[in-house]
Structures are given as structure tokens and as C-alpha cells.
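> Here are the chains, one letter per residue:
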Amino acid sequence: MEINELKQKALQIRKLTIREIGHFGSGHIGGSMSIVEMLTYLYYQEMRIDPKDPGKEDRDRFVCSKGHAGPAVYATLADKGYFPLEWLKTLNQGGTLLPSHCDMTKTPGIDFTGGSLGQGFSAAIGIALGQKIKKQDARTYVVIGDGESQEGQIWEGAETAAQWKLGNLTAFTDLNKLQLDGPTADIVSMENICTRWLGFGWYVQRIDGHDIAAIARAVENAKKVTDRPSMIVMDTQKSHGFIPGETTVNNHSMAFDENVAEEAIKALLEREGE
Amino acid sequence: MKDTSKFANMKDAVMAAINELGDTDERVVMLDADLASCLGSASFGEKHPGRFFDCGIAEANMIGVAAGMSSMGLRPFTHTFGIFASRRVFDQLFLSVGYAKQVVHMIGTDPGVTAQYNGGTHMPFEDIALLRQVPGVTIIEPSDAQSCYELIKQAYALDKSSYTRAPRKGVAHRYPLGTKIELGKGIELATGSDVAIIATGSVMVGEGEKAVKILKEKGINATLVDLHTIRPLDTELLENVAKRCGSMLVCENARYAGGVGEMIATHLIQTVPVKMDFLNVGERYGEVGNLEYLMGTFGFTAENIAAKAEKLTK
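Heads up: the sequence lines are chains A and B, in that order. According to this note's numbering, the first sequence is numbered sequentially starting from 196. According to this note's numbering, the second sequence is numbered sequentially starting from 12.
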């Protein structure tokens, strides 16, 4: 896909995510919206996957370790054809296959369960190591939050992934600079995040996480580095594209109905010149 | 099937089973957390190059990595001391392994007083209770080398996650090669009808055997069961023994809360209610000392077992 087509696709994922959460009435809008460009690039351009065969053994794999971004992942998977778009209306309803946090036992296309922060990252390392053991020419992608990076498990994983030279692992940090209780800088600052990853022996790049062309370049660069795992730190805006959330600090989880969702989509389309 | 009768330590039986599984099943991988030399788990890497990983002193990550490997179709064994294998990684083993329906075989060494000179900081009494909170995990505590070797292999064959509670050092040779050892089926080592003694693990089964002899001299015929499988619980055998004996003493090198005694009592109260007593550490923390000292301190002795059992007959 051309960059402009991917941009259109990202807009579509945003619309689906806003409607999905609006239909339920509340949800993790902030951290969902900040990773939309990354999801779009991975699922529509980069990963070797087949929505008709979600369990294909030697597929590329993606772990959303910041599992609360499930709504954006579900919107992407639905749009890709892993399951019907109608399912998005079942988010968080009793018996749904789309729970608040990503769950590999429920949702087709989810490669590992996330939710207890830090855990998906270790699993992704195990997956990347497993791909190597099985001599697969496959890659593992994982996204963690900046707040999530306060978990000790992230750094336990960082040291082993470097030790095992997992060149097939590309991680993203969603540096949206907000966590549930407020600005990350006021709670436990993550501003020196790149230095940390460099210190742990990773190949580190920092980009604008809403610039698909920049994501494309960074992912290509990461693939060329085969003796180390890669960390792509993405500067992002929490709730990016859900305009009512962009101007508030309390956007981790927001309550809004379908009317607000449609107004927000209209405002977004106007801003994007659509 | 290997004859383990010459093994000097329980850890040899653990690694014999895992190495043998690795010989025939290339899905088996071995992970350790800087205690490879304590168990001898690096031998797996020597026999199976590229399939052993020392994860360093980072147990939570080790369990997460193992869960990720499981999702790739691999079948990891993990090892660390029992305290770390349960307490330190509880959220990881609950969510990334249990909830996510992955298959990881966890070895937690030096249960309860067998932690000896590592002392109270390293003495897992609570691991049984913690593992019982994770639905679907098989829990075994073998009492000798042969049963350890065979039960680890049987637990693997179920293709469900498992937790093995085993001391590293010292070993009993109770069951010769050829003894019928079956996961989920306790072994009756003595069959009496006056009182039942249910024992789990090498310390309690060993002392239980001596207690049966003490009781015999007093004219009391006790049943002794080696309950090597904690989950799934052998309810059929426990019900039969309870019916026959009318009273039961449950002995475990562990805490009472969430332990084997509570598990059995919960079942029998609904099926065959009998008078029961329990031998465990109660509310106490562990402490340092040699095995003999610690067994004496916590009352894990044949004399105490016999006294408690005798009391139940009155």
C-alpha cells in the first residue's frame, strides 16, 4: 500500500475504534488511539499474516502488551477480516469474544494475552526465541506503553532479549506521556527512555508515532539489524484523533455515547480535510 | 523406563525425566533462573544444544518467556527454588500460563524444611496453596526417586501445565522399577483400619512409614497413603480409606492454609465426613537449620505423627 492509502486505513481504524467504544459507552480510548498508525502499518503493510488462517505456524506475530489497547487492535483485526465488523458492537458485553484487554483464548488473531502490564513483553520474547528455535523466517512485534515501562518485568525482558540477540524482535514504546493518574513526567518520568534501551543493548530509534512513513523507515531499519532486538520509541499523543480526549489528561478510559462518537468522527474528518 | 535406584539425589531423577523427554520430543526446552548448577539443568543443554536457556535472576520474565514459547508449540520446563517458582512469579504463572491456557512444566525445588541452610527466606510452605489458585495446573510432590522420574513424565504426557515440588539433595528409594506408579492415584504403603495417615512428599512419607511401625507396636493398625499427586486429588482412594478407618491425619511439609489437608477436608466433609487432624507448619514462617533440627522444630517426626494418629483413634 502507498503511504496515502495507509493514512486512509488509519483513519478507518480510528473511526471503527471510536464507534466501538462509543457503542459500549466507555473504554480505553486514549491508549487505543495512540497506536493506530503502528497497527495500520504492521497489519496492512508489514506482517506476513493470513486472516483466513490466524493460526498459521510460521506467521509473523504481534503482541499488544499494553493489553488495554484491545479496542484498537480489534478494530484492525475486524477490518482485516479476522472476524465480522459486527463483533465490534459486542466489546465488553457478557460472553463477548472482544474483552477489554487482549485475550488469545478468545479473539481470532490475538497472538498473546495482555492486561497485567509487562507480561506480554516477556511472552513476545519467548515467541521470538521460539521462532528462532523452530528456524522460522518470521518476526515478532510487540508494543508496550511508557507507563508500562515502569514495570520491572520489562527490564528483566530487555536484558534477556539482548543476551539472546533476538534480531527478529521489534518492539515499540508508545510514548504518549500520560498514564492513568496523570502525566508520566509527574509520576515516574520516562523521558530518558532511549538511553535506557541503549544501555540494555538494543538498537533504538525514536520517531513520530503518528507518521506512517517514519514508522515504515524505522521498521525497515530494524529488520537490517540482526544481532540485537530493536526498540522503536514512538512519540505519540494519547487519544490522538479522538478530539474530545486530546485536550484532557484524564483520557486513559473515557465514557461517551454513540452521539458523542459520531460528533467526534465528524470533527476528525473535518480536521483531516475529508 | 529408567531404573533410578542408584541415584544419589532427587535432582538426578528430575533431570533424568526431563532429559529423556527432550530426547524423544523436540518441543521440550529447559529454562533456569541462575540455579542451573543447583539442579543440573544445564545437562539438558549439553544433550540438546540450543534448547537450554539460563534466564538469569529474573524469574517473572522466565515464566513469561516460557509462556510465549508454549504459544509457539514448544513445551518448556522451568526451574527455580520453590519460593520463586510460586510466590515471586505468581501473577505471571496465573495469567501468562494459566489464564492464557499455555503449557509450562514448572519445577520448584527444596519444598518446606528441605530448604534447610537457605533458611526462612527460602522455605516454601505456601507454594501448594498458591498453585492451587491457578486452575488446571497438575501439582505433584513425589516421595522418592522412581516416582519423581515417572510422575514428571506422566505429567508431561497430559500436556497440561504442571508444578513439581521436589527436594534437590538426598533421596529415598521406596519404589523399585516396575512398581505401579500412576499420576492422580495415591499409593497405599500400609493398610490398616484403625486410622488413616495421608502423607505428601519425601519428609512426611518417610516419617509416616516409621509412625506406622510405632503404632503397630501399640496394637494400632494404620493405613498410610503416599499422596504424591496433590491435583488431581485421588478422591476415590481418600473416600475408601476414610470409610475403612473412620479417622484421618493429613501430613504435609507446608502451610495449613490452602494446603493438602484443607483440600482433603473440603472433599470429605461433602462425601465421607470423618474425624480429622492435620500436621503442617500452621501459622509459622520457616527458619534456618539442618533437616533433623527443622523436622523436630515443626514436629515433622514419626513420634509426633504416631501420637496424633493415636489420639484420633480414641
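Bear in mind the hints are in silico, worked out from the structure with no lab data behind them. These numbers come from a predicted model, not from an experiment. By construction, the Cβ of each residue, glycine as well, lies at the ideal position given by its N, Cα and C atoms. Please note: incorrect hints may appear among the correct ones.
[Unchecked claim] List of simulated lysine-lysine pairs, DSSO-like, C-alpha gap at most 27 Å:
#1 A:327 to B:58
#2 A:330 to B:196
#3 B:319 to A:301
#4 B:319 to A:329
#5 B:191 to B:229
#6 B:164 to B:254
#7 A:251 to A:360
#8 B:319 to A:275
#9 B:112 to A:247
#10 B:58 to A:330
#11 A:329 to B:227
#12 B:229 to B:164
#13 A:327 to B:112
#14 B:229 to A:251
#15 B:221 to B:322
#16 A:251 to B:254
#17 A:301 to B:221
#18 B:164 to A:329
#19 B:58 to A:329
#20 A:330 to B:227
#21 B:322 to A:327
#22 B:196 to B:13
[What the hints assert, rightly or not] Per the computed footprint, the stretches of chain A lying under chain B, defined by three or more beta-carbons under 8 Å from a beta-carbon of chain B, are:
#23 326-337
#24 368-378
#25 416-426
> Hint by hint, note whether the structure agrees.
Now the hints, each set against the structure:
no.: 1; hint: A:327 to B:58; verdict: holds (19 Å)
no.: 2; hint: A:330 to B:196; verdict: violated (40 Å)
no.: 3; hint: B:319 to A:301; verdict: violated (50 Å)
no.: 4; hint: B:319 to A:329; verdict: violated (55 Å)
no.: 5; hint: B:191 to B:229; verdict: violated (31 Å)
no.: 6; hint: B:164 to B:254; verdict: violated (32 Å)
no.: 7; hint: A:251 to A:360; verdict: holds (25 Å)
no.: 8; hint: B:319 to A:275; verdict: violated (66 Å)
no.: 9; hint: B:112 to A:247; verdict: holds (23 Å)
no.: 10; hint: B:58 to A:330; verdict: holds (19 Å)
no.: 11; hint: A:329 to B:227; verdict: violated (58 Å)
no.: 12; hint: B:229 to B:164; verdict: violated (40 Å)
no.: 13; hint: A:327 to B:112; verdict: holds (22 Å)
no.: 14; hint: B:229 to A:251; verdict: violated (67 Å)
no.: 15; hint: B:221 to B:322; verdict: holds (17 Å)
no.: 16; hint: A:251 to B:254; verdict: violated (53 Å)
no.: 17; hint: A:301 to B:221; verdict: violated (52 Å)
no.: 18; hint: B:164 to A:329; verdict: holds (23 Å)
no.: 19; hint: B:58 to A:329; verdict: holds (17 Å)
no.: 20; hint: A:330 to B:227; verdict: violated (62 Å)
no.: 21; hint: B:322 to A:327; verdict: violated (61 Å)
no.: 22; hint: B:196 to B:13; verdict: holds (21 Å)
no.: 23; hint: 326-337; verdict: holds (count 3)
no.: 24; hint: 368-378; verdict: violated (count 0)
no.: 25; hint: 416-426; verdict: violated (count 0)
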